[in-house]
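**Q** In case you want the letters, here they are:
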Amino acid sequence: MSHVLIADDDPDIRELVRFKLEQAGHEVTAVPDGAAAMSAHENSTFDLVLLDVMMPRMTGLEVCAALRADPAMSSVPILMLTAKAQERDVDSGFASGADDYILKPFSPRELLTRVNAALSRRRP
Amino acid sequence: MNGIQVMTWSLAILVAAMLALLVLTALGRLMRHRQRRRRDRLRDQLRPSVVALLADPDGELQLPSTGRRSEDLFEVLSLDYLSKVRGESRDALVRELEARGTVDAAERRVAQRGGVRRASAAELLGRCGLPRSRDPLLELLLHRSPEVRRVGVRALGRLGDAATVGPLLAVVDAERSVPSSIVTQSLVRVGASGIPPLRSALRTASPAQRAVAAETLGLERAVEAVPDLIDNLDGEDAEVRVRAVGALGRIGDPRACEPLLRSLRADESLSIATIHALGALGDPGAVPRLSELLDDARHDVATAAAESLTRCGPDGLAALRRCADEGGGGSRQARAAIARHELGRLPSNIDADAIQFPVT
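Top line first, the protein sequences correspond to chains A and B.
Residue numbering for the first sequence follows our numbering, beginning at 1 and increasing consecutively.
Residue numbering for the second sequence follows our numbering, beginning at 1001 and increasing consecutively.
Quick caveat, the hints were computed from the structure, so don't treat them as lab data.
Just so you know, even glycine gets a beta-carbon here, dropped at the ideal spot from N, CA and C.
Hints are supplied without guarantee of correctness; some may be wrong.
[Stated by the list, open to error] Listing some non-contacts, in silico: residues in chain A with all C-beta distances to chain B over 10 angstroms:
no., residue
1, G25
2, V31
3, P32
4, S44
5, T45
6, A72
7, F94
8, S120
[To be verified] Just a few of them, taken from the derived set where beta-carbon distance is under 7 angstroms, the chain A residues facing chain B:
no., residue
9, D12
10, E15
11, L16
12, F19
13, K20
14, Q23
15, P105
16, S107
17, P108
With these hints in hand, go ahead and build the complete structure from the sequences.
**A** Written out as C-alpha cells, the structure reads:
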C-alpha cells in the first residue's frame, strides 16, 4: 500500500481524488494548500505527491521545487494536477521537478492509472 | 419649536436612521453567512455520494435525504463537477442528471423569465453537452435581452457541437447581436469539429463573421485553414485582413511567410500586425525585409521589426547586431531588442549576489 499526498485548494477535487485512490487501496493524505503540503512532508513519508499548481500560500510549483531540494524526495514521483495547460506552464512544471502533468478536467480512472504507473516505475 | 429643538430632533432622527441601517446591514450579513454555512454543510453531505458515482461510474447515485434542498444542491454540485471531470465519470453524472429530470427542468427554465435561473439552467445544459439541448439554447440567441443572448452563446460553446457554428457566427452581426469576443470564445470551445464550418465561413460569410472565423481559426492553431486565411489577406475588409494576418502568425505555418511579406509591401495599414505575425512565424526568409524596416521613419514599425527579428533565429539576431554596430538608423531599436532578448535568456533562478558588476 502506498502513501500518497494530494494538495489542492478545491475540496471537490481533493475529495474525489482521495476517494478514488483509497478505493484502489492507497493511503491518502489530502491537504488544502502548499504550506500544508510542506508540513505534511515534514511529518510523514510519501510514495507519491499530487500537486495542484494554483494554490494559496504556496503554489504547486514552489512546493515541487522545495520537495525536490530534499534528497529524500529525489526519487518520489511528483505529478502536477492543473488546468494550466499553456506550454510555458508545462515547461515550468517540469523545470520545478515534476514527473508528469495531469490536465483538468481529468478522468479519475486515468488519474489512477497514471498514479499506479508512476508508483510501479519507482519500485525496484 | 425653536431652531435648536428642530436641529436636535433632526440629528436624533439621522442617528436613529444610521443605527437602523447598520443593524439591518449586520443582520443581512449574518443571514447570508448562515445560509452559506448551511449550504456548505449540505454540500459536504452530498459530496460523498457524487464522488462515489464519479469514482465508480457504473454504480448508482444514492443521495442522502436532506430535504428538498438536496436536489437543488445536487444540481449545483453537479454543475461544478461537470467542469472538473471528463470521460466516463462525466458521462455517468450527465446520465444521472437526465434520469432525475434535471435536464428537462433546465430546458424549461431556459425559456422562462428570471435572469439568474435562466443563466444557471443554460450553464447546466451547456456543461451537460447533450445534443437535445441545442435547440432550446439556440432560442436564446434570438432573445431581446443582450444578457440572455450572451448566456446562450456561452452555453452553446460548451456543447461542443459543430452545428452551432453557423448560428454563433450569425449572431455577430445580427440585429440582436452579441460582442464578437464572446462569440469567439464560444467558437474556440466548440473545438476541432468546428474547424470545417469556420473554414467555409471564410469563403462565404459576411466580413464581420469572417473576421471572427479567422480569429477563431488562429486560436485553434488550425493548420488546415492556412490556405483559406491566405486568400483573405487580399480581401476588401480591413478587419478581416488584420484577423487573417494575426491567425497566420499564431498558426506558424511557413507557407504563410511569402504571402505575409507580399501583404507587408502592399498594405501599409497592416504593417504592425504583419510584422508581428512574421516574428511569430520566425521564418529566416523574412529577415531581409524586416531588416529594411529597422530604418523606417515610423518608430512603432521599426520597434516591431526589431522585436520580430529576435524571433527569426540566428539570422535575425545577426541582422540586429549588424544594424547596432553600424550605428545608423534603427540602431537604437536594434540594441534595445538585443538587450531584451539577452535578458529573456537569463535563468530564472539567477543569484543576484553572485553577479559581479564592473568597477569604474
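**Q** If a hint holds in the structure, say so; if it doesn't, say that too.
**A** The hints, checked one at a time:
1. G25: Label holds. Min Cβ-Cβ 13 angstroms, cutoff 10 angstroms.
2. V31: Check passes; 17 angstroms lies beyond 10 angstroms.
3. P32: holds, 14 angstroms
4. S44: S44 (chain A) clear of chain B: closest Cβ-Cβ about 23 angstroms, beyond 10 angstroms.
5. T45: holds, 26 angstroms
6. A72: holds, 21 angstroms
7. F94: It holds; F94 (chain A) is separated from chain B by about 13 angstroms at its closest Cβ, greater than 10 angstroms.
8. S120: Check passes; 21 angstroms lies beyond 10 angstroms.
9. D12: Check passed: Cβ of D12 (chain A) comes within 6 angstroms of chain B, closer than 7 angstroms.
10. E15: holds, 5 angstroms
11. L16: With Cβ-Cβ at 5 angstroms, under 7 angstroms, it holds.
12. F19: holds, 5 angstroms
13. K20: Result: holds, 4 angstroms to nearest chain B Cβ.
14. Q23: Holds, because the Cβ-Cβ distance from Q23 (chain A) to chain B comes to roughly 6 angstroms (cut-off 7 angstroms).
15. P105: holds, 4 angstroms
16. S107: holds, 4 angstroms
17. P108: Result: holds, 5 angstroms to nearest chain B Cβ.
Comparing the model with each numbered hint stated earlier shows that all of them hold.
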